[in-house]
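Engineer: Each chain, letter by letter, is given below.
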Amino acid sequence: MAFTLRSVKVPPNSVTLEEARSRTFDFFRKACRSLPSVMEIYNLHDVATISHLRSSISSQIRKNAHITNPKVIDMLLFKGLEELNNIAEHAKQRHHIIGQYVLGSEGLVQDHDQDRKDPGASKFLKNFYTSNYF
Amino acid sequence: MASLNATSITFESSLKPSIGSTQVTGRSSRSLISFGLSSNGFPTLRSSRFRVSCSATPQTVEKVCEIVRKQLALPAETELTPESKFTALGADSLDTVEIVMGLEEEFGISVEEESSVTITTVQEAADMIEKLVQQKDKA
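Residue numbers (full-length UniProt numbering), protein chains in the order written: chain G, 1 to 134; chain P, 1 to 139.
Bear in mind the hints are in silico, worked out from the structure with no lab data behind them.
No residue lacks a Cβ here, since even glycine has one placed at the ideal position from N, Cα and C.
Among the hints, a few may not be true.
Chain G side only, calculated, beta carbon under 8 Å to chain P, not exhaustive [what the hints assert, rightly or not]: (1) F25; (2) F28; (3) R29; (4) C32; (5) I50; (6) S51; (7) R54; (8) S58; (9) R62; (10) M75.
As a list, the in silico BS3-like pairs of lysine-lysine whose alpha-carbon atoms are at most 27 Å apart [claimed, not checked]: (11) K85(P) / K30(G); (12) K131(P) / K30(G); (13) K30(G) / K70(P).
Make a model of the complete structure from these sequences and hints.
Structural biologist: Rendered as structure tokens:
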């Protein structure tokens with residue numbers, strides 16, 4: 001029954017970068033307009049706000065902002081639209097949404113005890129524990 | 001917004017005494033009501049509506065500034081006038097679209113595609129919001 005109410009109606013090939021840019025904005029607008037219903041479906045009212053989800057969507061779009069090939073942009077938009085359809089038709093579950101869009105870079109395992117266990121740790125050590133590059 | 005509410009209140013108050021006083025003869029009450037309408041109802045409504053639609057209210061501009069500031073993560077000391085362009089504040093095109101979506105959510109309006117392209121400053125955004133909110137209230 002529920003295959004994707006938002007099937008791709010437009011031809012998937014953008015001619016210019018400008019057309020790809022406007023298609024990206026259309027996708028972003030569509031995603032933002034579906035955010036209230038997503039919050040209702042997965043019951044995210046305690047965990048996140050609409051602006052939080054909107055900024056996580058825009059940061060994921062911005063991660064690919066350096067791409068200049070319109071065909072690659074079309075492919076990314078297609079994947080993004082597929083993801084949006086999956087989320088909107090409740091094909092995912094709450095923990096997927098929380099892990100992928102609500103939590104930031106620290107991910108699912110959050111070690112908040114770091115300050116209590118090792119209060120003498122310097123900033124250098126804290127950065128060292130998180131990643132190799134700082 | 002506040003001026004619109006005030007006019008609606010005065011309109012109601014001018015109507016109520018006329019309805020209460022004459023309930024016996026429908027004809028005379030209707031003429032009284034029409035008198036009330038022509039004397040204080042219409043002129044004040046029209047003039048106040050003109051006043052609101054020309055310039056956005058300061059609360060709207062304030063809210064727009066707040067949203068822009070939060071979206072672009074501006075430090076508190078950068079001055080944010082109604083005439084400042086979004087691009088001058090360091091926003092790229094995706095930021096502009098996101099600001100418009102934030103305004104849509106905040107004010108409960110929905111912006112057309114082509115009108116969102118023309119928004120470049122805070123004042124334009126506030127004016128468009130006022131227009132859409134009025135249209136929504138009229139409908």
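Engineer: Give a verdict on every hint.
Structural biologist: To see whether the hints hold, each was checked on the structure:
About 5 Å separates the beta-carbon of F25(G) from the nearest beta-carbon of chain P, less than 8 Å, and the hint is met. For F28(G), the shortest C-beta to C-beta distance to chain P is roughly 6 Å, which falls under 8 Å, so the interface hint holds. Look at R29(G): its Cβ gets to within about 7 Å of chain P, closer than 8 Å, so that hint holds up. With its C-beta approaching chain P no nearer than about 4 Å, C32(G) sits inside the 8 Å limit, and its interface hint holds.
Interface restraint check for I50(G): the shortest CB-CB distance to chain P comes to about 6 Å, inside 8 Å, so the restraint holds. About 6 Å separates the beta-carbon of S51(G) from the nearest beta-carbon of chain P, less than 8 Å, and the hint is met. Given hint, R54(G) at the interface with chain P, holds; its Cβ is 6 Å from that chain's nearest Cβ, closer than 8 Å. Restraint check, S58(G) versus chain P: the minimum CB separation of about 5 Å is within 8 Å; hint holds.
Hint on R62(G) holds. Least Cβ distance to chain P is approximately 6 Å, under the 8 Å limit. Evaluation of the M75(G) hint against chain P yields a violated restraint, the C-beta minimum of about 19 Å exceeding 8 Å. Distance check on the hinted pair: K85(P) and K30(G) sit about 25 Å apart at the alpha-carbon level, within 27 Å; holds. Taking the CA atoms of K131(P) and K30(G), the gap is near 23 Å; set against the 27 Å cutoff, the hint holds.
Between K30(G) and K70(P), the direct Cα distance comes to roughly 22 Å. Compliance with the 27 Å bound is thereby established for this hinted pair.
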